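Undergrad: Next come the chains, spelled out residue by residue.
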Amino acid sequence: MAGSVRIRLYATAREAAGAATIRRPIGPSGISLRELLQELGTERPGLLPILRHARFARNGTYLRGTRARLHDGDELAVHPPYSGG
Amino acid sequence: MEVELTRRRLDVARAYRELEDPESGGVVVFVGRVRPDRSERGTVAALWYEADERMATERFHSLVQQAHVRYQARRVVLWHRLGKLGVGEVSVVVGVAAGHRAEAFRGARFLIEGVKKRVPIWKSDWTPGAPETLRRPAGRSTRGPGPATPRRPRRNLVRPS
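Protein chains in written order, with the working numbering: chain A, 1 to 85; chain B, 1 to 161.
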C-alpha cells in the first residue's frame, strides 16, 4: 500500500523551499534518501546547494550516506549547517 | 535545570545560582550575546534563532552528560534561547562548576563548541517587514510534489561565529 513521508525543512532549507514541511507520496516499497533528494532538487532547484551540505535525520536519528530508505509515516529532517550560540 | 531551550529571556544570575556547589573550586560561566554585526543590508538589529527542538534537546543532554564524565563537572547549565533576540540580548549560557579551574574552563569550552558544531540550532538576521509566511517554524504542511512558489528571502544567513 502506498503512503507518504513528511520532510521538515529548517532555516535556509525552509527558505529555499518556500515551505516548512512537505508531504510526499511514496510507493509501497518506500523511497531511498538518494531518490528523494534527487526529486527534491529537481523540483526545487534552489534547494540543491543546501542539500549538498545538509545533514539528514529520519525520525530523529541521523542518517549516514543516502542509501537509507524511508517508508510510510517516516519523517525526514533537513538540517543545514548549524549556527547556534 | 541543566538544559533549557526556551523562548524566555535567559537569566545569567539564575544560571550562577544553579551552579552553586560547595565542593566546586572553579566555576566558569560563558554568556553569548547578540552583537550588532554589519551585513549588506545594514547593521543587524536582531537575530532569529530556531531549532529542531527535539533533536537539539537530545544533543544538549548528551553534551551535558559528556561534560560530567570527561571534565568531572559537578554542576552544569546549558541554556539556549530561541525566537527573535535584539542586540545585546543573551542567546546562550554555558556554565560548569568543577573541583578545579582547569576542568571548569575545559568543560565550558567543550559545551559551547559542541553547541556550535553539533546541535541543530540556526540563527539568521532578522529583517523587519519580511513576509510573515516564512517566519513560521517547521510544522505546517505543504503538499508536494510541485514547484515552490518563488518568494523574497526573508533573512540573510549569518555565518557561524
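No lab work stands behind these hints, which were simulated from the structure alone.
Remember, predicted model here, so these are calculated numbers, not experimental data.
Ideal placement from N, C-alpha and C gives every residue a C-beta, glycine not left out.
Treat each hint with caution, since some may be false.
Claimed, not checked - Computed beta-carbon distance windows for the label pairs:
id, chain 1, residue 1, chain 2, residue 2, range
1, A, Pro28, B, Glu23, 26 to 36 Å
2, B, Glu89, A, His53, 34 to 44 Å
3, B, Gly88, A, Leu48, 34 to 44 Å
4, A, Ala2, B, Gln65, 17 to 27 Å
5, A, Pro49, B, Gly25, 47 to 57 Å
To be verified - Chain B regions said to be covered by chain A (calculated; three or more residues, Cβ under 8 Å):
id, segment
6, 14-25
7, 74-87
8, 112-119
Unchecked claim - With the Cβ distance kept under 7 Å, some of the chain B side facing chain A (calculated, not the full set):
id, residue
9, Val28
10, Phe30
11, Gly32
12, Lys123
Undergrad: Taking the hints in turn, state whether each one holds.
TA: Against the structure, the hints:
{"no.": "1", "hint": "Pro28/A - Glu23/B: 26 to 36 Å", "verdict": "60 Å, violated"}
{"no.": "2", "hint": "Glu89/B - His53/A: 34 to 44 Å", "verdict": "29 Å, violated"}
{"no.": "3", "hint": "Gly88/B - Leu48/A: 34 to 44 Å", "verdict": "37 Å, holds"}
{"no.": "4", "hint": "Ala2/A - Gln65/B: 17 to 27 Å", "verdict": "41 Å, violated"}
{"no.": "5", "hint": "Pro49/A - Gly25/B: 47 to 57 Å", "verdict": "49 Å, holds"}
{"no.": "6", "hint": "14-25", "verdict": "violated (count 0)"}
{"no.": "7", "hint": "74-87", "verdict": "violated (count 1)"}
{"no.": "8", "hint": "112-119", "verdict": "holds (count 6)"}
{"no.": "9", "hint": "Val28", "verdict": "16 Å, violated"}
{"no.": "10", "hint": "Phe30", "verdict": "10 Å, violated"}
{"no.": "11", "hint": "Gly32", "verdict": "5 Å, holds"}
{"no.": "12", "hint": "Lys123", "verdict": "5 Å, holds"}
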